[in-house]
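Protein chains: 2
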Amino acid sequence: MRYVLGAKCVKCGKEYAAVPDLTTCTCGGILDIQYDYAAIRRDFSPKDLAACSDWSMWRYRPFLPVEERSSPPPLRVGWSPLYRADRLAGELGLNTLYIKDDGLNPTASLKDRASALAVVKAREAGADTIACSSTGNAASSLAGNAAAAGLATYIFVPARAPKGKVAQLRIFGSTVISVDGSYEDTFELSKAAIGRWGWYNRNAAINPYLSEGKKTVTLEILEQLHWQAPDYIALSVGDGCTIAGAWKGLKDLYAAGFIDKLPRLIAVQAEGCCPLNRAIQTGQPWQPMEENTLADSIAVGVPRNPDKALHAIRESHGVAVNVSDEEILSAMRLLGRTQGVFGEPAGVTGTAGVKKALELGLISPDSTVVSIVTGNGLKDVQNGIKAAGEPMLVKPDMDALLEAFARRGICPATSTRKETAHE
Amino acid sequence: MRYVLGAKCVKCGKEYAAVPDLTTCTCGGILDIQYDYAAIRRDFSPKDLAACSDWSMWRYRPFLPVEERSSPPPLRVGWSPLYRADRLAGELGLNTLYIKDDGLNPTASLKDRASALAVVKAREAGADTIACSSTGNAASSLAGNAAAAGLATYIFVPARAPKGKVAQLRIFGSTVISVDGSYEDTFELSKAAIGRWGWYNRNAAINPYLSEGKKTVTLEILEQLHWQAPDYIALSVGDGCTIAGAWKGLKDLYAAGFIDKLPRLIAVQAEGCCPLNRAIQTGQPWQPMEENTLADSIAVGVPRNPDKALHAIRESHGVAVNVSDEEILSAMRLLGRTQGVFGEPAGVTGTAGVKKALELGLISPDSTVVSIVTGNGLKDVQNGIKAAGEPMLVKPDMDALLEAFARRGICPATSTRKETAHE
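Chains as they are written, first to last, in the UniProt record's numbering: chain F, 1 to 423; chain G, 1 to 423.
Mixed in with the good hints, there may be bad ones.
Per label pair, the in silico range of CB-to-CB distance [claimed, not checked]: (1) Ser324/F / Thr26/G: 49 to 59 Å; (2) Ser324/F / Cys411/G: 44 to 54 Å; (3) Ala404/G / Gly389/F: 30 to 40 Å; (4) Glu290/F / Lys395/G: 17 to 27 Å; (5) Ala413/G / Gly361/F: 53 to 63 Å; (6) Ala400/G / Ala406/F: 54 to 64 Å.
Everything labelled a hint here was simulated from the structure, so no lab data went into it.
Note that CB positions come from ideal geometry on N, CA and C, so glycine has one too.
With the hints as extra help, turn the sequences into a complete structure.
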């Protein structure tokens, strides 16, 4: 790890060697991986990336805390598409909007970036079993990435996890413990089990390597924008690890001279579960909240990474905005109808927040914004149907079709385009 | 369309100009797009591809029947990963196996390749509305790709279509007609409606451009294998359009001098619905069958593209193999557990067929095989759970966990790896 200096507690500043199974500081604080940016700047530049043919998160190896001898895990993670979303921008009244569809990762969420890193670090630690607790996506991404690498997994999820995520876990051969309780309960049980059996710990707020994987999402966004920083990057916030990772990636690029301006973060939480945004908005320390939202991935009443997340939002001069479940469902329809992107509820929450921030005048319509879709809507089909409704059921004949159209006020225009004869 | 000569009926040989809204021949036969391979060979080589930075299906434009002035549609389709699957090959007793995970396309199936092409041709035809009937994936891919391009869609699916596909359709803003009948009924109603309202027709067996989109899957596989043809390419077969497209791609590459050997196809159908394979196995003309399989995407009792499909299997000296629903569910678990790939039932049917073909001695264990996973398992979560079972539900305390483990005979080993102290 040529460019890694070590790890440092974000709370007390204590320093640690970057061994592969680092967890938290003795003071309870979360660790942050430290890099030698002068050396990265000397050895590595956007030109090297332009010549790199590895179209995955591993193209950013100088920014990643893995041993030079470690090979990347089997699944192809990262380099998800960044779409210029002019039609959606038009509807929102925003100058320029990009959608980063991270639901196109191998297990269909951004969390694959962290899990791929966890698999490498677990192998470096000599572990053959990895465990984690998760609202669902960290779990299914760990299960898939570990299965492909031949590692066993023990996964703890709250019983409320959507069926799609549970199906992934089971198909990937994990031992799945569905916990009849909250995410907090689930986390505590996983912690006790990891302590008892000594599995490699992939809990994102415990293991400081994971946000290093997550940060590749912003490394990619900036490369896809040819190193021109947007004004804002919007994303949903639950545990706080993803927004912390996103900010770390931006700061890495800034420190290494790849970009000369830092975007501001738009941190979006659900109204019914917004402990971190409430802390930003009130200036008070964060307090636990109920987990009252249908966006399961961010239904986190006791965020596990509050320090890094709050620091990221504040240091970026960020915007904290909360959205209702109805606004989340509406954003699912909006992204689908205008851009052909189907996100899960937490996946579209960032976009719902962009809309809300514009309505509240928190950001200017002249802005350039990137919104990260963090997970695929196929993971939570029930809420997809809830957002968009069931289709019309019709008997297989034309009269039945005409009647069904009439009942719904659907009047298809007969095509007026020029008929092109066959011959 | 510099390299397109025209279209030719596969039944009567009648030739047509390649106008954008071509359908079938006056004799009822299906058309095939014809290319000037000598010109392609003169202008285009693997070296050009090595220098091409478009990592999507559009890197193969000289092989695609679209106007030079047409821009690709918005969603990033193609260049899905090809994984070397050594762990799965080991379990099957096969020398070399690759998995092409086409479930990682934007709407999570191979059909995005055809729908992207349909969107381009519809725009060339000046159409603002596209319609199709489909078992589900062609539908959801059309809905997503058309939404991103700002085109309206009318989609006909059988009522049995899995919820994941229906949710996609609704989220993408399609007018969805769920037909209370078989796929055959659905197809006929769509045909009548398209005739009545003159929408652009994306029915794959009617519109000859669509298999030209699908063929990009084999163009990619061969490029990913550095133009070294495998012995076999395995895939599931329903309507017959996908296997016809796969073969077209291989023949294109052969005719243009990119490869010097043609792989053989392994055509896999469900035992309960195998009209095309039955024709191959018996040497008799194909006959309709019941649609008796849980693999909805290939539950096609009256295949719409029998001529091209049967020709492809025969011309490639292909292998026809049928698998039971239990073998399909087993392949879902096998791919998930060994490779971290979650395919829908029809998506893993190709892999189930590879296993079966080895067991029956139809292919040699020394072979090199590529198996195409045609759709993501998240589209059909119900069958994912059916394949892999529900997780254990546990109260949030250690005693409950220990009891649940004991009841299932799970004895986690305590980690023996070296403890790395923090300090």
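Status of the hints after comparison with the structure:
no. : hint                            : result
1   : Ser324/F / Thr26/G: 49 to 59 Å  : holds, 57 Å
2   : Ser324/F / Cys411/G: 44 to 54 Å : holds, 47 Å
3   : Ala404/G / Gly389/F: 30 to 40 Å : holds, 39 Å
4   : Glu290/F / Lys395/G: 17 to 27 Å : holds, 20 Å
5   : Ala413/G / Gly361/F: 53 to 63 Å : holds, 58 Å
6   : Ala400/G / Ala406/F: 54 to 64 Å : holds, 57 Å
In summary, this structure violates none of the numbered hints.
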